[in-house]
Amino acid sequence: MRFSLWLPIFIVQLLLVSAREAPTELEIETTFKPDDCSQQANAGDTIKVHYTGTRFSDGGEFDSSIGRGTPFQLRLGAGQVIKGWDEGLQGMCVNEKRTLTIPPHKAYGSRGFGNIIPPNSVLVFDVELVEIAKKAPKQEL
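Taking UniProt numbering, the leading residue of the sequence shown gets 1, the next gets one more, and so forth.
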């Protein structure tokens, strides 16, 4: 009897969660922040991250560095990756984890990416900064 009373409430909550609207701006959620954050990633730094990318629309995974066993290396802020990454990885500490929910205009936009990412897709990336491989030289004022 108790189960039958809670079932409708559970179903309504599930529908509310799954009916979340796609964001129109970059959403950054820190899911783990280490106690020691002596170095943060900044524009110009060469960093290494592990990530898993999924489509917001259906939760389908389209890419992951974890399965390959090798972190992805990039120069932050250099336009080597989508804008949502260049913005969403700024200020991360080594071992910090974030979830980036990236709207189309900061991802692949109306062009999509092959058969993997449809046009105008919102993307979700779970990322972990594993290394700041090379700090950018400090600018002299």
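Read the hints as simulated data drawn from the structure, not as lab findings.
Misleading hints may appear alongside valid ones.
[Claimed, not checked] Label pairs and their computed distance ranges (CB to CB):
hint, residue 1, residue 2, range
1, Ser64, Lys33, 21 to 27 Å
2, Asp58, Lys135, 37 to 43 Å
3, Phe113, Gln73, 18 to 24 Å
4, Ala136, Glu61, 17 to 23 Å
5, His105, Thr70, 27 to 33 Å
6, Lys138, Asp58, 40 to 46 Å
[Claimed, not checked] Lysine-lysine pairs mimicking DSS-like chemistry, simulated, CA-CA at most 27 Å apart:
hint, residue 1, residue 2
7, Lys135, Lys106
8, Lys97, Lys134
9, Lys106, Lys83
10, Lys83, Lys33
11, Lys106, Lys48
12, Lys97, Lys83
13, Lys48, Lys33
14, Lys48, Lys134
Positions of the beta carbon are idealized from the N, C-alpha and C atoms, including for glycine.
Here is what the structure says about each hint:
1. At roughly 22 Å, the beta-carbon separation of Ser64 and Lys33 lies within the given 21 to 27 Å, and the hint holds.
2. Checked against the hint of 37 to 43 Å, the pair Asp58 and Lys135 passes, with Cβ atoms roughly 39 Å apart.
3. Against the hinted window of 18 to 24 Å, the Cβ-Cβ separation of Phe113 and Gln73 comes to about 20 Å, which satisfies the hint.
4. Roughly 32 Å separates the CB atoms of Ala136 and Glu61, a value that falls outside the hinted 17 to 23 Å.
5. A hinted range of 27 to 33 Å for the beta carbons of His105 and Thr70 is consistent with their spacing of about 30 Å.
6. Checked against the given bound of 40 to 46 Å, the beta carbons of Lys138 and Asp58, roughly 44 Å apart, stay inside it.
7. Between Lys135 and Lys106, the direct Cα distance comes to roughly 25 Å. Compliance with the 27 Å bound is thereby established for this hinted pair.
8. Note on Lys97 and Lys134: the hinted pairing holds, with a Cα-Cα distance of about 20 Å set against a maximum of 27 Å.
9. Proposed proximity of Lys106 and Lys83 is supported: the alpha carbons are some 5 Å apart, at most 27 Å.
10. For the given pair, Lys83 sits about 23 Å from Lys33 by alpha-carbon distance, which is consistent with the 27 Å threshold.
11. Among the hinted pairs, Lys106 with Lys48 is consistent with the structure: their alpha-carbon atoms are about 20 Å apart, no more than 27 Å.
12. The suggested pairing of Lys97 with Lys83 holds, with an alpha-carbon distance near 18 Å, which does not exceed 27 Å.
13. Using a Cα cut-off of 27 Å, the hinted pair Lys48 and Lys33 holds, with the two alpha carbons roughly 17 Å apart.
14. A C-alpha spacing of about 10 Å is found between Lys48 and Lys134, which places the hinted pair at or below 27 Å, so the restraint holds.
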